[in-house]
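Protein chains in written order, with this note's numbering: chain A, 92 to 560; chain B, 8 to 50.
Certain hints may be false.
Not everything, but these chain A residues come out facing chain B in the computed CB check (under 10 Å) [to be verified]: (1) S121; (2) P127; (3) L153; (4) L181; (5) V185; (6) F307; (7) F310; (8) V317; (9) P318; (10) T328; (11) L397; (12) S399; (13) V449.
Far from chain B by the CB rule (all over 12 Å, computed), these chain A residues [to be verified]: (14) K119; (15) S135; (16) D162; (17) A423; (18) L496; (19) A527; (20) V535.
Each pair of labels, with its calculated beta carbon distance range [as the list claims (entries may be wrong)]: (21) A:E221 x B:W27: 40 to 46 Å; (22) B:W39 x A:A283: 33 to 39 Å; (23) B:A35 x A:S173: 45 to 51 Å.
Keep in mind that the hints were calculated from the coordinates and are not lab data.
Here a beta-carbon is modelled for each residue, glycine too, at the ideal position from N, C-alpha and C.
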Amino acid sequence: MAAQSVPPVPRAGWLTFLDREHSIAGPKYSRWLVPPAALAIHLSIGQAYAFSVFNLPLSHLLGGRESAPGDWQLSTIGWVFSAAIVFLGLSAAVFGAWLERVGPRRAMFVSALCFGGGFELAAVGVSLHEFWLVLVGYGVIGGIGLGLGYISPVSTLIKWFPDRPGMATGMAIMGFGGGAMIASPLSTALMARFKDVAPQGVAPAFVAMGLLYLAFMMFGVFTVRVPREGWAPAGWTAPTRAGRMMTTGTVTADRAIRTPQFWLLWAVLCLNVTAGIGVLGQASPMIQEMFPGVISASAAAGFVGLLSLANMGGRFAWSSLSDYVGRKTVYATFFLLGAALYAVIPATGHAGNVVLFVAGYVIILSMYGGGFATIPAYLRDMFGTSQVGAIHGRLLTAWSTAGVLGPMLVNYIREYEIAHGVAKADAYTITMHIMAGLLVIGFVCNLLVRPVDERHLELESAAASAAGA
Amino acid sequence: MNDTDERISGSLVLKLAAAWALVGIPLAWGVWQVFLKSLDLFR
Chain A
92 MAAQSVPPVP RAGWLTFLDR EHSIAGPKYS RWLVPPAALA IHLSIGQAYA
142 FSVFNLPLSH LLGGRESAPG DWQLSTIGWV FSAAIVFLGL SAAVFGAWLE
192 RVGPRRAMFV SALCFGGGFE LAAVGVSLHE FWLVLVGYGV IGGIGLGLGY
242 ISPVSTLIKW FPDRPGMATG MAIMGFGGGA MIASPLSTAL MARFKDVAPQ
292 GVAPAFVAMG LLYLAFMMFG VFTVRVPREG WAPAGWTAPT RAGRMMTTGT
342 VTADRAIRTP QFWLLWAVLC LNVTAGIGVL GQASPMIQEM FPGVISASAA
392 AGFVGLLSLA NMGGRFAWSS LSDYVGRKTV YATFFLLGAA LYAVIPATGH
442 AGNVVLFVAG YVIILSMYGG GFATIPAYLR DMFGTSQVGA IHGRLLTAWS
492 TAGVLGPMLV NYIREYEIAH GVAKADAYTI TMHIMAGLLV IGFVCNLLVR
542 PVDERHLELE SAAASAAGA
Chain B
8 MNDTDERISG SLVLKLAAAW ALVGIPLAWG VWQVFLKSLD LFR
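Kindly produce the complete structure, drawing on both the sequences and the hints.
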């Protein structure tokens, strides 16, 4: 490949072990060590989804049991998580090409320093009660760590598992869902442990979590390897002819964003995420309002927990299934089944059938998670393996967009309905029908996805593709 | 397979077990915590 004809720039110092050429696997290395390395990164950065555990304690730092004048407002604290998600999307888009150049180990290392360091700076901010330090620490620096960490193992996993790319990336991205499950009880336990040392125990909990995550992510840094040139799993040969929905060539990240396939997949991810993310954020009040007097606050918390499990399990299950039935079929299932479920669920609410209501949402949330986990393999099929990490990074802007769109749709439509006299139990009906409509649009976008035109392929791969055809 | 190969493959199995345990145990703990919480829905 043209990119590999440029000789590597020699580096000096102890950081050379981070270079791509120093992380090439030896003959005795097992590819099954790469998923745990990737999981170490994703389980750590998945903590972001449990940041809300700190919201209330952060709003009581001066007042103790209740907020005092000068304490931060909950709406202000909300900016920390929002900033982290925005910087996740931005850094994934901006640093994707750099990641492909320097390799996964250096990117994971920088991600660990940013994520762990962000916690430490935020701890200083909490101790000094300077909000901007928390925002810059966790939101900006930590957010950059999130973005780099999210995309760093993806292309490496695809290169190690060309026979099962969906399963491999699904395993890592499942970790992002599981990270919040670990972080939530861990944060609560750490704050309880340190509550006598510092207000609400937040600052020492931040320090401990920063160090813990730094160490855990370093396990990933030291364990990950890239396959040597020409390596393939035993008994597997790369397809020489392009499949119906798979290219044998490669498309650069800069070229990929000029193809209709990229923007169709951008829409596919954005619409699938929009349909799930709004519900995930409102799950607890929604089930309580749809079944007044039947579902208590603690049962609603159980519902949220069940949805988190479905979100995590779906990441692995659907992406693994896509290796056998194809990515397009899996997304078509998400959109058709999702639209049907969103159309039917309000009726289950009106009928007072909690079991069907819960079952419907469990399936929807499993498909929400599955959408995240299947997209890297879909990108590999469309654009080849060479720059899939960089392309994936740019596609994640769809997630940031959906992160704003989804909750806005659910919250504002609900408020509008209630303000116009609709009963709380019925206020979600129109939202769900809009979600069903969005999923139908997603189905059409997915249907329009075709293999990339050969003029977009890199020269060498285009020649090889033509020879194989 | 000679002795050296057996030693190498044995150490690789250990490495794999340790690596998967390191990520699997905290993940299983987190999943268990959420599972316990989700039981409240059925009580």
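To see whether the hints hold, each was checked on the structure:
no. : hint                       : verdict
1   : S121                       : holds, 6 Å
2   : P127                       : holds, 4 Å
3   : L153                       : violated, 31 Å
4   : L181                       : violated, 28 Å
5   : V185                       : violated, 28 Å
6   : F307                       : holds, 8 Å
7   : F310                       : holds, 6 Å
8   : V317                       : violated, 17 Å
9   : P318                       : violated, 16 Å
10  : T328                       : violated, 25 Å
11  : L397                       : holds, 4 Å
12  : S399                       : holds, 6 Å
13  : V449                       : holds, 7 Å
14  : K119                       : violated, 6 Å
15  : S135                       : violated, 10 Å
16  : D162                       : holds, 29 Å
17  : A423                       : holds, 29 Å
18  : L496                       : holds, 27 Å
19  : A527                       : holds, 25 Å
20  : V535                       : holds, 35 Å
21  : A:E221 x B:W27: 40 to 46 Å : holds, 41 Å
22  : B:W39 x A:A283: 33 to 39 Å : violated, 19 Å
23  : B:A35 x A:S173: 45 to 51 Å : violated, 31 Å
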